[in-house]
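Peer 1: Sequence:
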Amino acid sequence: MPTWSFVLPAGTLSREEKDAIAPKITQIYTDGGLPAFYVHIFFDEYPVGSYYNSGRTPAKSALLTISHVARHFASEKESLAFHEMVDPILRPLFEPKGITWEYNVLLPSQDNWRIDGTVPPTTDNPTVLRQWAERNAAVPA
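Going by the UniProt record's numbering, the sequence shown opens with residue 1, and the numbers climb by one from there.
These are calculated hints, taken from the structure and not from any lab test.
The reader is advised that the hints may include incorrect statements.
Claimed, not checked - Quick list of simulated restraints, FRET-style, between CB atoms:
| # | residue 1 | residue 2 | range |
| --- | --- | --- | --- |
| 1 | T127 | S75 | 34 to 44 Å |
| 2 | L107 | N53 | 18 to 28 Å |
| 3 | K24 | K77 | 17 to 27 Å |
| 4 | P126 | G11 | 34 to 44 Å |
| 5 | P88 | T122 | 23 to 33 Å |
Don't be surprised by glycine CBs; every beta carbon is placed ideally from N, CA and C.
Work the whole structure out from these sequences, hints included.
Peer 2: The structure is reproduced here in structure tokens:
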């Protein structure tokens, strides 16, 4: 499950902007063979005075945490390739508005990950993973 969690001052992004980037984010993972339903994207907006950076409440700032449970980077080359896919999504959204942005990619263990009580298939089981991707849903074992 890739999960993208944006932390933003309220009103930083419009609904239309969120709607526009969600499919682009999802495509990073579906192009890599993961089911679309694995991808979760949250926009956590906070009122002024509820989000601080550098000891002050920023008018234009975005913090993003990307959690990769479904797939980890096998090499530094894969990690760099991922960052090269993220930049073209975020930069055109944030830079023209003068929004500073920062993100971190977390790679938690898959040991405790479940979907509908089932251990999800990973790249170690490509046949089942493909079934899940084709149905865009968990397939009972």
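Peer 1: Indicate, hint by hint, whether the structure satisfies it.
Peer 2: Consistency of the hints with the structure:
1. Judged by the Cβ atoms, the range 34 to 44 Å given for T127 and S75 is violated: they are separated by roughly 25 Å.
2. Distance hint check for L107 and N53: the Cβ-Cβ separation is about 24 Å, which falls inside the suggested range of 18 to 28 Å.
3. K24 and K77 have their C-beta atoms about 22 Å apart, which keeps the hinted 17 to 27 Å range intact.
4. Between P126 and G11, the C-beta spacing of about 43 Å keeps the proposed range 34 to 44 Å intact.
5. For P88 paired with T122, a C-beta distance near 27 Å keeps the hint of 23 to 33 Å intact.
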